[in-house]
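Just so you know, the protein sequences line up as chains A and B, in that order. Throughout the first sequence, residue numbering follows the working numbering, covering 2 to 153 in sequence. Throughout the second sequence, residue numbering follows the working numbering, covering 6 to 399 in sequence.
These are computed hints drawn from the structure, not numbers from a lab. Values in this document were obtained by computation on a predicted structure and should not be read as measured data. Misleading hints may appear alongside valid ones.
[As the list claims (entries may be wrong)] With a Cα cut of at most 20 Å, we get these calculated DMTMM-like pairs of lysine to aspartate or glutamate:
(1) B:K154 / B:E126
(2) B:K37 / B:D22
(3) A:K76 / A:E11
(4) B:K147 / B:D240
(5) B:K149 / A:D116
(6) B:K55 / B:D93
(7) A:K104 / A:D62
(8) B:K154 / A:E47
(9) A:K3 / A:D62
(10) B:K149 / B:E110
(11) A:K3 / B:E152
(12) B:K154 / A:E92
(13) B:K149 / A:E47
(14) B:K149 / A:D89
(15) A:K3 / A:E35
(16) B:K147 / B:D22
(17) A:K13 / A:D116
(18) B:K147 / A:D116
(19) B:K149 / B:D18
(20) B:K149 / B:D22
(21) B:K154 / A:E86
(22) A:K104 / B:D248
(23) B:K391 / B:D240
(24) B:K149 / A:E110
(25) B:K149 / A:E92
(26) A:K3 / A:E36
(27) B:K154 / A:D89
(28) B:K391 / B:E378
(29) B:K391 / B:D236
(30) B:K391 / B:D248
(31) A:K104 / B:E259
(32) A:K104 / A:E20
(33) B:K154 / A:E110
(34) B:K147 / A:D89
(35) B:K154 / B:E164
(36) B:K149 / B:D248
(37) B:K290 / B:E259
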Amino acid sequence: MKYICLGYIEDKYFGQLTEKEQRDFMDACFVYDEELQRSGHWIGGEALQPVATATTVRFRDGKPQITDGPFAETKEFLGGIMILEAADLNEAIALMSNHPSLKMGGTFEIRPSADLSALVADSQRRRAADRHRAADRRPLSSGAPPAAPRRR
Amino acid sequence: MLATLIRLLGDFDLAEDALHEAFRAAMEQWPKEGIPANARAWLVSTGRFKAIDRIRRQARLDTPLEAIEEPGSLAGDPARQEEESIQDDRLRLIFTCCHPALSPEARTAMTLREVCGLTTEEIARAYLMTPASLAQRIVRAKSKIREAKIPYEVPGPRELPERLHAVLQVVYLVFNEGYSASSGESVTRVDLSDEAIRLGRLLADLLPTAEVQGLLALMLLHESRRMARTDPHGDVILLEDQDRSRWHPDLIGEGLARVEAALRSGQSGPYTLQAAIAAVHAEAKTAEQTDWPQIVALYDRLLDLEPSPVIRLNRAVAVAMRDGPAAGLALIDRLGGEDDLSGYFWFFAAKADLYRRLGEAEAADAAYQRALELTRLEPERRYLQKRRNALREK
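Chain A on its own, in the form it takes in the complex:
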């Protein structure tokens, strides 16, 4: 089972640290990442650049609208994501409970991945059927409409 762990941090904790403390903290995080990789729990993960670098795209007035931000008022922001392979929620919780950033005031939101394979298969079947129907209709477009769709 895949779990996506969203890591939230508060700037103030990191900012208060001395340079050495910051280095030690980073080391502890990297060591833990490597541990997860070795044990086969690590599927992937990325750290995010600060919120100041974020860009938001949404649809407004019929066209994509691009804005700077978002600059939410919350003190906590998403600092990184990690994708874990774990037997169940208890294992995922146990793994994330040992993450060094928790002691730095960080929090993790653990979300199970959603299995969309059935939806994807449905969608593929639907699109294939649409294509077949379109192919059936094409040769008849100049003549009289048929009483019933012809099957191939």
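Given the coordinates of chain A, work out where chain B should sit on it, guided by the hints.
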């Protein structure tokens, strides 16, 4: 049986339906063919087969044929199951229902429904909710268990203390909900205190740690006073004014034995210490004969584990009983400066009572007034008003 089927089938709803179908099959077959030697195993096996049938039928409807395979979790013959693993299944069920990833309300609802076997309607009535919104809560919890894959297992030794704490909290919440229910409605309410004590006994059988024994003892000792703690109008009677001949001797006996066992283990936590305090009260013939120094000492130990303003307030009241009202008042005044108890009506009620005992009627009256402004519960209001009136009549 439900606990075992949930383990075998890996799904609460599937297991509930399976058990239902197994009972229906038993009603048809047992009168004709006789009751099987191991009725429980028969029901579990039958339920399991009915569920597998259902999975296959559904699979045929929903997915292409090649996707059908026997789920791995269905392996093993449940008829061969040992008594020990039946107990394990019940523990698994309790820990899953009380998992901290579920909301506290959902834990209570799931425990009452899946472990105690109450119906949705009964739970809804007990918590003064509509059955629809309670059912919603249960559906959401089950879906989280399924989708986030909360495992059906007893936590390992590292997680156990923390997780057991969550379980005990659910049991104590259920107990208190039943214990503080007003008497007028108790007739129509499922007796939650009884359910909590039953759960406590089950846990004490399955996992007899000190705190499990301590919590059960605490509930038994509280329960022993149930008949004495309200008057015929449903008004509260304080411990010191209760008719102790109405306390239930059997519940006290069991409570005392369990609290002693918990204390002897040397692993006692907050529940055991609270039970020990209740035990000292239970052993006293009158309020005056209570071993107050012992109670103060137990509150001290409790404060070491769980520093809280409410416990400090209770300790101050015990000190007042040991050393006199002036000593208690001095402590309470200091508490008022350190902790924010300005919204807590018992703080002012306790203060008023100590002023009354010192003969300072005016100060007592003012404190009763503050307490009355803070309470919203009708029985508490009546109690305070009665006390205040008695003061004025003197």
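Outcome of the hint check:
no., hint, verdict
1, B:K154 / B:E126, "violated, 27 Å"
2, B:K37 / B:D22, "violated, 24 Å"
3, A:K76 / A:E11, "holds, 6 Å"
4, B:K147 / B:D240, "violated, 40 Å"
5, B:K149 / A:D116, "holds, 15 Å"
6, B:K55 / B:D93, "violated, 23 Å"
7, A:K104 / A:D62, "violated, 45 Å"
8, B:K154 / A:E47, "violated, 24 Å"
9, A:K3 / A:D62, "violated, 38 Å"
10, B:K149 / B:E110, "holds, 14 Å"
11, A:K3 / B:E152, "holds, 11 Å"
12, B:K154 / A:E92, "holds, 10 Å"
13, B:K149 / A:E47, "violated, 27 Å"
14, B:K149 / A:D89, "holds, 12 Å"
15, A:K3 / A:E35, "holds, 18 Å"
16, B:K147 / B:D22, "holds, 14 Å"
17, A:K13 / A:D116, "violated, 37 Å"
18, B:K147 / A:D116, "holds, 18 Å"
19, B:K149 / B:D18, "holds, 13 Å"
20, B:K149 / B:D22, "holds, 19 Å"
21, B:K154 / A:E86, "holds, 12 Å"
22, A:K104 / B:D248, "violated, 53 Å"
23, B:K391 / B:D240, "holds, 10 Å"
24, B:K149 / A:E110, "holds, 14 Å"
25, B:K149 / A:E92, "holds, 16 Å"
26, A:K3 / A:E36, "holds, 17 Å"
27, B:K154 / A:D89, "holds, 5 Å"
28, B:K391 / B:E378, "holds, 15 Å"
29, B:K391 / B:D236, "holds, 13 Å"
30, B:K391 / B:D248, "holds, 18 Å"
31, A:K104 / B:E259, "violated, 44 Å"
32, A:K104 / A:E20, "holds, 17 Å"
33, B:K154 / A:E110, "holds, 15 Å"
34, B:K147 / A:D89, "holds, 15 Å"
35, B:K154 / B:E164, "holds, 17 Å"
36, B:K149 / B:D248, "violated, 49 Å"
37, B:K290 / B:E259, "holds, 18 Å"
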